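Trainee: The residues making up each chain are set out below.
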Amino acid sequence: MSKTNLTRRGLIKTGAVAGAAGLTLPTYLRADGHSGFTNAPTGSTVTLGFNVPQSGPYADEGADELRAYELAVEHLNGGGDGGLMNTFSSKALQGNGILGKKVEYVTGDTQTKSDAARASARSMIEKDGAVMITGGSSSGVAVAVQALCQEAGVIFMAGLTHSNDTTGKDKKANGFRHFFNSYMSGAALAPILANNYGTERKAYHLTADYNWGYTTEEAVRNSTEAMGWETVAAVKTPLTQTDFSSYIAPVLQSGADVLVLNHYGGNMVNSLTNAVQFGLREKQVNGKNFEIVVPLYSRLMAKGAGANVKGIFGSTNWHWSLQDEGSKAFVQSFGTKYGFPPSQAAHTCYVQALLYADAVERAGSFNPCAVGEALSDFQFDGMGNGPTLYRGEDHQCFKDVLVVKGKENPTSEFDLLEIVEITPVSQVTYDASIFGGELGACNPGA
Amino acid sequence: MEAIILQILNGLDKGSAYALIALGLTLIFGTLGVVNFAHGALFMIGAFCAVTLSRLLQLSHTVIDDSQTDFLGNPLKVEVPYLYDIFGQSTGDAIIDWAVPISILFAIPVMIAIGVAMERGLIKHFYKRPHADQILVTFGLAIVLQEIIKYYYGANPIPTPAPDAFRGSFDFGAALGFDPNVIIYPYWRLVYFAFAALIIGGVFAFLQFTTFGMVVRAGMADRETVQLLGINIDKRFTLMFGLAAAVAGLAGVMYTPINSPNYHMGMDFLVLSFVVVVVGGMGSLPGAVLAGFLLGILESFASMREVLEFLPGLNQIIIYLVAIIILLTRPRGLMGRKGVMEE
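Which chain is which? The protein sequence lines are Y and E, in order. Going by the numbering used here, 444 is the number at position 434 of the first sequence; the sequence numbering is gapless. Going by the numbering used here, 1629 is the number at position 338 of the second sequence; the sequence numbering is gapless.
You may find that some hints are simply not true.
[Claimed, not checked] List time: in silico DSS-like cross-link candidates among lysine-lysine, alpha-carbon distance up to 27 Å:
#  : chain 1 : residue 1 : chain 2 : residue 2
1  : Y       : K111      : Y       : K101
2  : E       : K1368     : Y       : K320
3  : Y       : K246      : Y       : K320
4  : Y       : K112      : Y       : K320
5  : Y       : K212      : Y       : K338
6  : Y       : K347      : E       : K1368
7  : Y       : K101      : Y       : K112
8  : E       : K1368     : Y       : K338
9  : Y       : K179      : Y       : K293
10 : Y       : K417      : E       : K1368
11 : E       : K1526     : E       : K1368
12 : Y       : K347      : E       : K1441
13 : Y       : K101      : Y       : K347
14 : Y       : K137      : Y       : K123
15 : Y       : K212      : Y       : K137
16 : E       : K1368     : Y       : K415
17 : Y       : K212      : Y       : K293
18 : Y       : K123      : Y       : K111
19 : Y       : K212      : Y       : K298
20 : Y       : K415      : Y       : K298
21 : E       : K1419     : Y       : K123
Simulated from the structure, these hints should not be mistaken for lab results. Computed from a prediction, not measured in an experiment: that's the story for all the values here.
Isolated chain E, as found in the complex (with noise of 0.2 Å):
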């Protein structure tokens, strides 16, 4: 019961990662009808956002130290954060150490932007031609953005740490009757399902709720004739690539402290995100949720011991194998909609 539980808290923080990204890529399917090859690369970029601000917030002038040597024998060289120049050194600390979450701020207007660039510069132009070239270009594009981050911030992983406040790990076998250390869980992957839920929460609000929301899902639907009816859809569709993109890197941004960001990370994240958009249903964003949560907890249960010893090497198919099987059953995904992907 214990392992049960553990799996799936550990599902969730998984699942939640690949229904963000599963969610701003079928909301570019379904607004744009473009298969983004490079939605992966901008989780990537949302995450480097935070590496980014962290390092600004880290911007040091140098003195020397003439107590202490360098590698060299020479006086060591200490660099102070201006930040401590400013705000004194316990507030500059706390600023540093809210790195992350102060990312989020940061990451949105850079994410929105990259988005309508991409949109603006790149991907119209392949609006009307097929699928296999949109794949090509978003997929070429996605590697330029990771080999432009690896330039700059190098190949190894950098290390992007969560609050204070939220390190360690919180005993739910404790608090729920069982031995302790049984069921711990991290303080940080609990904020990063409940930041999860908020954000698809409000862009599902946004979407239900909103005029423009409204309006795009009427483009969605049947684009022509709102654009009939005079009104700019191809402007909002603009946007909605660009709050595609912020979604997609505000997952980012949230992920550094799980994971140490690397230029790589994308890429690892792109491949299951797609097979999380097609167990959902093609232009679903319901879908995409639930196939990112699903398929998030039936990959840690795939992970545990017990599983390996009886079928070893099922971590590594699962959503594969579990994707047959849907679309064996449901051609269209779990919630996909007539029509979509089949002209």
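In isolation and in its complexed conformation, chain Y is listed as follows (with noise of 0.2 Å):
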């Protein structure tokens, strides 16, 4: 039997309290914060929340990806060439806005730190109103931010976040990528790498010791030991390591002929450059050349390590110098505006601000649940990456995949990379149960 002690002076003060509470509540969990759903657009405007690292080491990244999403927004709004909408396969768009609102939006900056990214993405959604948050250059904030927006009832559309989790065991039903993962990174790479390194290989991996680089190394030693690679170590590196040399120079002791650099960003450019000077790439080792691997490719880090790149095989989302319709079309008009060709950051930014703004005009309607649904199962073309499915179960788009090469003899600063090969969606799709999570059901906020 339980007794309480609630007493007339301490009722008063516990109701004084709630009231004081609820007067700072968030602006999502008050009633007349939305007519339905979190931030409702009610007058001639509709803002979108743009978050992305304006500080810290992804900056340059983060630039490229807002100088995307204010592309999409003047496409949006009917200024500019179109762009991408002139290619997209759906034609709900008509450059007035989102259902008639005018689009404006916010930035946050994500310092790419996860608490500083679901603060800024907080303040969007609770000063300014916005009714979605799209960006973000890192899984670790991808992860944090989508949980946030899922609370608060509205959408995330992920920005670069390639870790299996953020739609695999951290899925959430307000969440949706765009981007690609570690597994379709594996499952591209590994046939090149039987192809040209022969099936009788055994790779040493160096992995970022952190979500991103457990899921990549997961995927591509899967994928290798699978066409008959051997793993023969596989070493945790610190994030904040800048000198890798104490981890490189056992690697020719270890017996492995091939060196996977499971890094990202700085880490990738110093890793790869350390492992380029200490001549790994000119030993033979069991009678084969010794190689180095970087599964997750991006052209502004490729361009951190200069002429290390070259000849070194990785993925990547999306490349500039891809030929169909949709791609040249948003090259010219990205090209045009800031004078050199756009990251796939930029791309897939610009891709999920567009894609949005469709499923609202498809859905009539701003609510999450309503977007949420155009989403789900919704295939589209005409966006760079040839026919794409945003699969239902997890909110993970599913379209070819880019197998790259360093290039020998670029012929500017932006042409590093070669496309090597077009990795079609059916050698990269997966069962979504494979790495468990829930989706969840869709929260509208209120």
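Both chains come to you apart, so use the hints to assemble them.
Mentor: In structure tokens, the structure reads:
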């Protein structure tokens, strides 16, 4: 039997505290903050929240994402040349905003830190009334912001995030990813590696010690071991590491003849530079040329590694040299406005903004549940990656994956990677259940 | 055995960078009594001296090549360095290839000027303030400097390769009678180690064998007495700040081929360098150098796969662990002097 100690004075105190708390509740938890869903646009405009790294190590990538979003907003509002709206298979977008409302935007700085990214996303939702959050250059940030958007009842359109977890064990009903993932990189790369380097290889993995590193190592190991490669060692490297010499020096002693660098950003630039300095690529081991593989390439990062990327295989979500009509339209539009070709981060962000706007138009509502329904199992084309499916089971896009190689004779500072193969989507498709996680129910914030 | 030799070699170049930065830190602390948290930023600015000179050497004019197109399908604009026009392509390429070593000449005056300006413009106002104030203002300065560099150069690393003659690696294993490819070591890292030894030796010789150095050492021991002798010790200490900045800057210049420089590289070294100074003994120049190499080598050993399998994460804490052990057993550090930072 329980006994309560509720007194009159206690009740008054509790009531006062509860009242004060009610006054400070986030907008999206208050009844006056929505009309059936969070931040329902009531005027002639709609606000989107672009949450990108504007400071920190991925600031350049974030700047390119922001350029892409600004271009997308221009096109959605009927400005410029229309970009990918001209080649997009869906014709719901008319260039008059979204559902007739002019698109406005606010920006936040993720700093590539989960807590900072959540704080900026929260601010854009609560203070600025953003009805959708998009952007980012890190899986840790994507997972954190996606969870926040789920709680807040807004749609999250992920930017550059490659970990399996984003649409795997951490997937959410309000979250959607256009970018490819670690599994797809492994599945696309393995056959190319087998064709070029043979099936009897010994691989040594250096893996960034965080979420994305683990899933990438696992994906590449599974794919390469399935075709006959042996993994002789997998060493975790601290994310803050800048000099990888003490990790690279023992590689040759291990008997490995391939080094897989599961690194991204500054880690990738430094580890690859160190590996090339040590002359690994000039060595012969087990009677074979020593090789290096970088599972996830980014043109902006490849620029940092300079000539060291020459001849090294990796994968990428999109590249400006693609010759389909969508890619050509986007490169033309972006290049004319900014004077240089877009990065894969810019491409995925631009596409995500258009896909969201299109889904709202088709759903006839900004309600995140209606938008989610319109995006789920949506098939489209003309956005630069060939026919694409936004799978309803995990909100992951399935499309062809590019296997690329560092170009031997670049003609410009942008011409660093060459496309080796466009791996068909059937080869990188997997069962949604293999990574676990629950999508859960969509949350409109009501 | 091979693994041990390899990790000692790895530790030497890492230790060289720690030792050079810690040497400058100790010079500043020993002369001016200032705890300079902007010293890592000076290392970073040195690296960007190399980037700047490399870009200056590659200043180009544009030539339209109608036979090729750019990404928009327009005739390709080809950048032709002015050096080609002046010296011809082969000599121009050779000069650009040697940009990093040439940057040493560029960085010395630039870094001395920055060091002197920093000391006269800001740090001298904090001599009589508590160390906490000095740390705050110099740390703030470091953030300002790195944000300025990021504004002009971007956040991405900028490749600044070594001259072609120093690319590749030397096979120590084959030279020492081990199997080939077992103990390899990049040529440029050997150059870095030799360069660090030269700079450290030069600084010690300067302090030991010149009149200027003798006065500075006397000032470090007893500033007031030296001033009573009519010597303007403040002026000499300002120049020592400039010298310390140049040492950090040169360490940065020569480090650029090892890791592509970015705006944050100074911070990566700063905290470790302070641990090096404390372990070596506050104010002790030989202590800073000794601790730099010692911790560099220990860090390399802690990164070995065999060690990590046994003690995961040791590589991230080894330096701090050793610092705790040394400070518990020798509270003044390896070669610390009585009375320094103890009042």
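Trainee: Does Y:K111 pair with Y:K101 here, judged by a C-alpha cut-off of 27 Å?
Mentor: Cα-Cα ~17 Å, so holds.
Trainee: Hey, Y:K112 versus Y:K320, does the alpha-carbon distance stay inside 27 Å?
Mentor: Roughly 45 Å separates the two Cα atoms, so the pair is violated.
Trainee: Within a Cα-Cα threshold of 27 Å, do Y:K101 and Y:K347 meet the stated pairing?
Mentor: With a Cα-Cα distance of about 24 Å, the restraint between Y:K101 and Y:K347 holds, given a limit of 27 Å.
Trainee: Does Y:K293 lie within 27 Å of Y:K179 when you go C-alpha to C-alpha?
Mentor: violated (40 Å)
Trainee: Hinted pair, alpha-carbon criterion (27 Å max): Y:K137, Y:K123. Please report holds or violated.
Mentor: holds (21 Å)
Trainee: Against the 27 Å threshold, does the CA-CA distance of E:K1368 and Y:K320 hold or violate the hint?
Mentor: It holds: about 23 Å lies between the C-alpha atoms, which stays within 27 Å.
Trainee: Given the hinted pair E:K1368 and Y:K415, is their Cα-Cα distance within 27 Å?
Mentor: Answer holds: E:K1368 to Y:K415 is near 24 Å, not above 27 Å.
Trainee: For the pair supplied as a hint, E:K1419 and Y:K123, confirm whether the alpha-carbon distance does not exceed 27 Å.
Mentor: Distance of about 38 Å is beyond 27 Å: violated.
Trainee: Does Y:K298 sit within 27 Å of Y:K415, going by the straight-line distance between their CA atoms?
Mentor: With a Cα-Cα distance of about 19 Å, the restraint between Y:K415 and Y:K298 holds, given a limit of 27 Å.
Trainee: Y:K212 and Y:K298 were given as a pair; does the straight-line alpha-carbon distance stay at or below 27 Å?
Mentor: With Cα atoms ~11 Å apart, Y:K212 and Y:K298 stay inside 27 Å; holds.
Trainee: Given the hinted pair Y:K246 and Y:K320, is their Cα-Cα distance within 27 Å?
Mentor: holds (25 Å)
Trainee: Run the distance test for E:K1526 versus E:K1368: straight-line Cα separation, threshold 27 Å.
Mentor: violated (52 Å)
Hint check: violations occur at hints 4, 5, 9, 11, 15, 18, 21; the rest are consistent with the structure.
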